[in-house]
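Asks: Protein chains in written order, with the numbering used here: chain A, 2 to 238; chain B, 2 to 238.
These are calculated hints, taken from the structure and not from any lab test. Hints are supplied without guarantee of correctness; some may be wrong.
No copy labels: a pair is met if it fits in one copy or bridges any two.
Quick list of in silico lysine to aspartate or glutamate cross-link-like pairs, EDC-like style, CA-CA up to 16 angstroms [what the hints assert, rightly or not]:
{"#": "1", "residue 1": "Lys176", "residue 2": "Glu236"}
{"#": "2", "residue 1": "Lys215", "residue 2": "Glu237"}
{"#": "3", "residue 1": "Lys7", "residue 2": "Asp133"}
{"#": "4", "residue 1": "Lys27", "residue 2": "Glu236"}
{"#": "5", "residue 1": "Lys177", "residue 2": "Glu236"}
{"#": "6", "residue 1": "Lys25", "residue 2": "Asp218"}
{"#": "7", "residue 1": "Lys177", "residue 2": "Glu237"}
{"#": "8", "residue 1": "Lys215", "residue 2": "Glu26"}
{"#": "9", "residue 1": "Lys62", "residue 2": "Glu50"}
{"#": "10", "residue 1": "Lys91", "residue 2": "Asp157"}
{"#": "11", "residue 1": "Lys3", "residue 2": "Asp64"}
{"#": "12", "residue 1": "Lys84", "residue 2": "Asp9"}
{"#": "13", "residue 1": "Lys48", "residue 2": "Glu26"}
{"#": "14", "residue 1": "Lys177", "residue 2": "Asp201"}
{"#": "15", "residue 1": "Lys135", "residue 2": "Asp9"}
Bear in mind that the values here come from a model prediction, so they are computed numbers and not experimental data.
2 protein chains.
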Amino acid sequence: MKRYKKNDNVSYTLGTTLTIELLKEKIEYVRKVYFHTKLEQNEVIQKIEVLCKKHNIPIEKSDKPFNILSQKENCFVIGEFNKFDTELEKNKNHVVLVNPSNSGNLGTIIRSMVGFGITNLAIISPGVDIFDVKTVRASMGALFSINFEYFDSFLDYQDHYQNNNLYPFMLQANKKITNTKFQKPFSLIFGNEATGLPRDFLRVGTSVIIPHSKNIDSLNLTIAASIAMYEATKEEF
Amino acid sequence: MKRYKKNDNVSYTLGTTLTIELLKEKIEYVRKVYFHTKLEQNEVIQKIEVLCKKHNIPIEKSDKPFNILSQKENCFVIGEFNKFDTELEKNKNHVVLVNPSNSGNLGTIIRSMVGFGITNLAIISPGVDIFDVKTVRASMGALFSINFEYFDSFLDYQDHYQNNNLYPFMLQANKKITNTKFQKPFSLIFGNEATGLPRDFLRVGTSVIIPHSKNIDSLNLTIAASIAMYEATKEEF
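Chain A with its partners taken away, still in its complex shape:
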């Protein structure tokens, strides 16, 4: 047991709620569950015990993983799981993140995706590690109910999913989000936190801007992506 690293084959869910989400959605990848010695028995813990027993997942009582993995004092359950691969669904709505660099932001965007019923995420490399414990935590377990795939370049993504209508979000775009009709299946495309999308995305599909006042440079990436998802799906909810 050591600190999480990007190249490890395993990652972790820190906390009861996250571990429950992991067991519910991806139990086939769970290797082990750790209980802190100070963990108090309750219904949720019982549920974890029943699930683990049924699927032959060992439960280990030890404080060591908590000292290594968790800075939070109120974490009493950790799930250890094998990283897994998924593939995007063709002809479904996608979110495409080009070079995302912040683990927490990635998790928050994934939570919003599931909130708005978009469950396919493309990440254009280089991009932050989707299995980082911070991403898993910020997603509040939503990571376990989406498909995701990394691509070497945007062209590589485009080659694989040619049917999607492309909507790059950028400050240089002319079309306002309020005047945009998002045609399904759509791909909502966002750039890096600091730099946004490269200028040549103006030639990709229909580029869109979320208008805002001149008193800020740009909206936070998680906010921009969530507003875009909200607007593109609002007729469904």
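The hints should help you fit chain B onto chain A, whose structure is shown.
Replies: Showing chain B alone in chain A's frame:
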């Protein structure tokens, strides 16, 4: 010089961009600017020097404040400022946060507020400290261009700003945001990150829900607040 504490009379801007925003918007409260000994001269630094000279603000070259206040390696400028009081504008649009508990979230919401041209923020106590260095940073300096006020209770706020139309955002609400016409001046009201608004807010003004899928419990607070601001102001941008 010591670590930032809530009861201090001063707070800090960590980094060049934040310090520039501070000097632009609230120069009358600036006590001192610190330059790291490794700071390299450039146009922005020159601008800071000119502003400080003009307003008799001392610049101190010392690495100590950076070691105490900043964990980031790329922080070479710190601004020290006196905390200040402001009052909300009557008959303007407000955001009301009831018991916000996360400093970073508060800053992100303030950034979105300025993005959507809402520059009056009420915080119902207990709530996180608006001058926390994490809030200042997450706001990216937007904190320096809003008015804010703390209130002991929501009733207290309501007494002071009786003309505002109240829109509490809650999962129990019946009215969908997409069917809501926000009448100005409006107050968009949001609860605590973990608990949301107490149920009795259903009787306050027009309660509103941002519909989302059943696969998440709720949207992240910063996301919900930003979508609400976007929707309530979108005809202006």
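Asks: With reference to the structure, classify each hint as holding or not holding.
Replies: Okay, the hints, checked on the actual structure:
For the identical chains of this complex, lysine 176 and glutamate 236 are inter-copy neighbours only, at 15 angstroms across copies versus 20 angstroms inside a copy, given an alpha-carbon limit of 16 angstroms. In this assembly of identical chains, the alpha carbons of lysine 215 and glutamate 237 lie at most 16 angstroms apart only when taken from different copies (13 angstroms versus 32 angstroms within one copy). Taking the shortest Cα distances, lysine 7 and aspartate 133 sit within 16 angstroms of each other inside one copy (7 angstroms), while across copies they are farther apart (32 angstroms). Taking the closest pair of Cα atoms, lysine 27 and glutamate 236 never come within 16 angstroms of each other, the shortest separation being 30 angstroms inside a single copy and 43 angstroms across copies.
Only between protomers do lysine 177 and glutamate 236 lie at most 16 angstroms apart by alpha-carbon distance; the minimum there is 11 angstroms, versus 18 angstroms within a single protomer. Within a single copy, lysine 25 and aspartate 218 get their C-alpha atoms only as close as 41 angstroms, which misses the 16 angstroms cut-off; across copies the closest is 15 angstroms, which meets it. With identical chains, the CA atoms of lysine 177 and glutamate 237 are at most 16 angstroms apart between copies only, with a shortest distance of 12 angstroms across copies and 21 angstroms within one. Within a single copy, lysine 215 and glutamate 26 get their C-alpha atoms only as close as 43 angstroms, which misses the 16 angstroms cut-off; across copies the closest is 15 angstroms, which meets it.
Taking CA atoms no more than 16 angstroms apart as the test, lysine 62 paired with glutamate 50 passes inside one copy only; the shortest distance there is 12 angstroms, against 58 angstroms between copies. Within a single copy, lysine 91 and aspartate 157 get their C-alpha atoms as close as 14 angstroms, which meets the 16 angstroms cut-off; across copies the closest is 54 angstroms, which misses it. Only within a single protomer do lysine 3 and aspartate 64 lie at most 16 angstroms apart by alpha-carbon distance; the minimum there is 13 angstroms, versus 34 angstroms between protomers. When the C-alpha separation of lysine 84 and aspartate 9 is checked against a cutoff of 16 angstroms, the pair qualifies only within one copy, where the shortest distance is 9 angstroms, while the shortest distance between copies is 46 angstroms.
In this assembly of identical chains, lysine 48 and glutamate 26 lie within 16 angstroms of each other by CA distance solely inside one copy; the values are 14 angstroms within and 54 angstroms between copies. Taking the closest pair of Cα atoms, lysine 177 and aspartate 201 never come within 16 angstroms of each other, the shortest separation being 18 angstroms inside a single copy and 38 angstroms across copies. In this assembly of identical chains, lysine 135 and aspartate 9 lie within 16 angstroms of each other by CA distance solely inside one copy; the values are 15 angstroms within and 31 angstroms between copies.
Figure legend: structure checked against the earlier numbered hints; hints not met, in rising order: 4 and 14.
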